[in-house]
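Undergrad: Now for the letters of each chain:
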Amino acid sequence: MNALKKGLAAMVAAVAVAAVPAVAIGQDGPLVTADWLQENLSDPNVRVFEVSVDTGVYERGHIPGAVNLAWHTDLVDTVRRDIVSSDGLEAILQEAGVTEDTTVVLYGDNNNWFAAWGAWVFDIHGIHDVKLLDGGRKYWEAQGLPLDTATPEYAASEIDLPDEAAPLRARLSDVLEVVEGGADVSLVDIRSPKEYSGEIFAPEGVQELSVRAGHIPGAVNFPWGGAVNEDGTFKSADELRAAFAAIGIDGSKPIITYCRIGERSSHTWFVLSRILGYEVRNYDGSWTEYGNSVGVPIDNPSGTVWGRI
Amino acid sequence: MHPAIRFGLPALIAAALGWGFLTLDGQGPEGRPLAMSLAFGAAFGAVLQRSRFCFYCNFRDLIEKREASGVIAILVALAVGAIGYTVIFGAWLPTPALERLPPTAHIGPVSITLFIAAFAFGIGMVVSGSCLSAHFYRLAEGSVISPFAVVGALVGFGVGFLTWNPLFLAVTSNAFILWLPHQLGYAGGLLATLAALAGLAVLTIWWSRPQAVGTPAPVTGREALDRVFIRRWPAVIAGTFIGAISVLAYFRVAPLGVTAELGSIARTAGTGWGVLPSTLFGLDGLRGCATVIKEALLSNNGLFVIGLIAASFVTSLLADQFRPRRLTGVDVVRGLAGGVLLGWGAMTALGCTVGVLLSGIHAGSASGWVFMAAMTVGILASWQVGRWTGLSGRA
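If you read the sequences in order, they're chains W and L.
Here the numbering used here is used: the first residue of the first sequence is 1, the next is one more, and so on.
Here the numbering used here is used: the first residue of the second sequence is 1001, the next is one more, and so on.
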């Protein structure tokens, strides 16, 4: 009996030792590599979230242990046009077992497009150290790394998010202060060149429209896809710094990024703010708010007129 | 049939299918769902053709000839699929809490529109001789009506897009979604589904008359080949295969459906010609066989249907069942008219016997049951009209 007890005690001790988390280190900075993530997946202090645009991709195979976030319900206020509240995100994080010591990693499809938006939302609500998996889902799959279809369940945690939002968000009034008030801020429009020039109102097939074409006066154009490599990973910090410097964005003054509905521009927000360390706010009202606003200045080099046949 | 055609052509088609699968699969993560769709389509087509899994013909055999086996195959397929779906749902969505639905499952809206659409679909089945999935595999059996039914269905889809907005504003926007696991939990939902299917099976067997069965021949190599490649597969085996394919396809790619690509072709063409409304209210937010404007030549559903037709040609030719008969004017009219009803019904109901009835009941959605009921009423009503008018209404 004693021998059995001793044996059990030894086993428990062994399990306990094995379960002591290897400290999640080696990835300071805003990105984690696929290799690092794979090695640290079993670390209870690492929590992975998938934020994908396409429905059903998470369920048919996700990074083992990753929690699904539906961007159109979990991360937004479904009634008014706003991001999820601090309380709402807190509930999600608690359910996913995230504590203040957890390393939070986000990834998603389409070159981390919505994952970067998720990172912006997380950062606003106090998870300032949120990271992205470099290359996102595309890179992970292309490397042939394992996927899982089971939905993980974690013991609920205690985490208290600050009520006050981090100043990472620009509102229409902030943008107008730049355009009309002369505030010394750079504007970066990350839509396609044809949207920027006003040649088209929006890409084909999108629901959200603006009744004016063009861009915010003074904004420079940097299509968001220019920040990633063919394999979905981000370009190096040096390449990114040079590319933005070439259009006059060098971090010497604050920056506001925008697109059509504020999601793609989060990707550029991530690049400028988290990878290059510039002071950046994302204007999530973006062109669907600005271009629909009455009486605001617009630059429309193409001269397209809404409704003219 | 000349042996060179009977065996050579299937070999060629099978080789093409294999080449297509490997080529798509070799394209990495983007190509894999396409390759899987082709494979699932081929499996589905082969089983449909080998077991003559035709919703309409099986139902007619039961009512008119009192043969139960075809309908039993359908009921088995529904039961097997419902079990498999429930297992997957439990993994993907551990609590079937309100507000959330399992991704992409065909848990469609229930409304008067669905009833009318499925009713029209039932009439279309009687007029054209079968439903859309059966027309696809019957192309491989040389059916002279089926090509016209497919063309008619394309037109029907176009009509469906034209009537969508008024119908949506009047009726469909008030539709509700009834997902059994929301009300009863996974276990309760599955039990309710299986109990309903068992009830239908009892009714089926009660109505049917035992068929004369010869003593089964001893299984020799020749007999085994005959059973696999020549004779109709037994009902329970066919149903089990269909149910399993449905579950596996949902797990890897999407729920089974055969009309999304047809609808997309009709919508793309109609929008291109400027005859269809550019906005279809609420359509993209509803579950079912989604019809999107085509952006890429190859789509999951397109490859599924190609696989279906190709594989049924393989099995049909091998079984020497490609038997076209002389085309008549009546065939053309019935194919086109029935096809229009099938297409309009499938567009308005967001799917057909496969996409709404099969994939819906598998998913525990009330929409599948409503489709089944309304389609049955449509079939029975058409027969009645056929008797009154003296038109036989038979394929």
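Keep in mind that the hints were calculated from the coordinates and are not lab data.
A portion of the hints provided could be inaccurate.
Estimated spans, in silico, between C-beta atoms of each pair [what the hints assert, rightly or not]:
#1 L:Leu-1184 - W:Ile-200: 36 to 42 angstroms
#2 L:Pro-1277 - W:Glu-279: 32 to 38 angstroms
#3 L:Leu-1162 - W:Ser-85: 40 to 46 angstroms
#4 W:Ile-200 - L:Pro-1324: 46 to 52 angstroms
#5 L:Gln-1027 - W:Lys-194: 24 to 30 angstroms
#6 W:Ala-156 - L:Leu-1184: 51 to 57 angstroms
#7 L:Ala-1244 - W:Ala-245: 30 to 36 angstroms
#8 W:Ala-237 - L:Gln-1027: 30 to 36 angstroms
#9 W:Pro-152 - L:Ile-1237: 55 to 61 angstroms
#10 W:Gly-182 - L:Leu-1286: 30 to 36 angstroms
#11 W:Ala-156 - L:Ile-1293: 20 to 26 angstroms
#12 W:Ser-157 - L:Arg-1032: 33 to 39 angstroms
Pairs of lysine-lysine, DSBU-like flavour, derived with a Cα cap of 35 angstroms [said to hold, decoys possible]:
#13 W:Lys-194 - L:Lys-1065
#14 W:Lys-235 - W:Lys-194
#15 W:Lys-253 - W:Lys-235
#16 L:Lys-1065 - W:Lys-235
All values derive from a computational prediction rather than experimental measurement.
Every residue, glycine too, gets a C-beta built ideally from N, C-alpha and C.
Undergrad: Now tell me, hint by hint, if it's right for this structure.
TA: The hints, checked one at a time:
At about 49 angstroms, the CB distance of Leu-1184 of chain L to Ile-200 of chain W disagrees with the hint of 36 to 42 angstroms. Here the CB-CB span from Pro-1277 of chain L to Glu-279 of chain W is close to 46 angstroms, at odds with the stated 32 to 38 angstroms. About 43 angstroms separates the C-beta atoms of Leu-1162 of chain L and Ser-85 of chain W, a value consistent with the hinted range of 40 to 46 angstroms. One distance hint, 46 to 52 angstroms for the beta-carbon pair Ile-200 of chain W and Pro-1324 of chain L, holds here, with the actual separation near 50 angstroms.
For the pair Gln-1027 of chain L and Lys-194 of chain W, the beta carbons lie near 29 angstroms from each other, so the given range of 24 to 30 angstroms is met. Separated by about 27 angstroms at the C-beta atoms, Ala-156 of chain W and Leu-1184 of chain L break the suggested range of 51 to 57 angstroms. Between Ala-1244 of chain L and Ala-245 of chain W the Cβ separation comes to about 58 angstroms, which falls outside the hinted range of 30 to 36 angstroms. A C-beta distance of roughly 32 angstroms is found between Ala-237 of chain W and Gln-1027 of chain L, which places it inside the suggested range of 30 to 36 angstroms.
A hinted range of 55 to 61 angstroms is violated for the C-beta pair Pro-152 of chain W and Ile-1237 of chain L, which are about 37 angstroms apart. Gly-182 of chain W and Leu-1286 of chain L have their C-beta atoms about 49 angstroms apart, which leaves the hinted 30 to 36 angstroms range violated. Between Ala-156 of chain W and Ile-1293 of chain L, the C-beta spacing of about 44 angstroms breaks the proposed range 20 to 26 angstroms. Here the CB-CB span from Ser-157 of chain W to Arg-1032 of chain L is close to 36 angstroms, well matched to the stated 33 to 39 angstroms.
For the hint linking Lys-194 of chain W to Lys-1065 of chain L, the alpha-carbon distance of about 65 angstroms lies beyond 35 angstroms, and the restraint is violated. Of the pairs offered as hints, the one joining Lys-235 of chain W and Lys-194 of chain W holds, with about 24 angstroms between alpha carbons and a cut-off of 35 angstroms not exceeded. Taken as a hint, the Lys-253 of chain W and Lys-235 of chain W pair is honoured in the structure, with Cα atoms around 23 angstroms apart against an allowance of 35 angstroms. Using a Cα cut-off of 35 angstroms, the hinted pair Lys-1065 of chain L and Lys-235 of chain W is violated, with the two alpha carbons roughly 70 angstroms apart.
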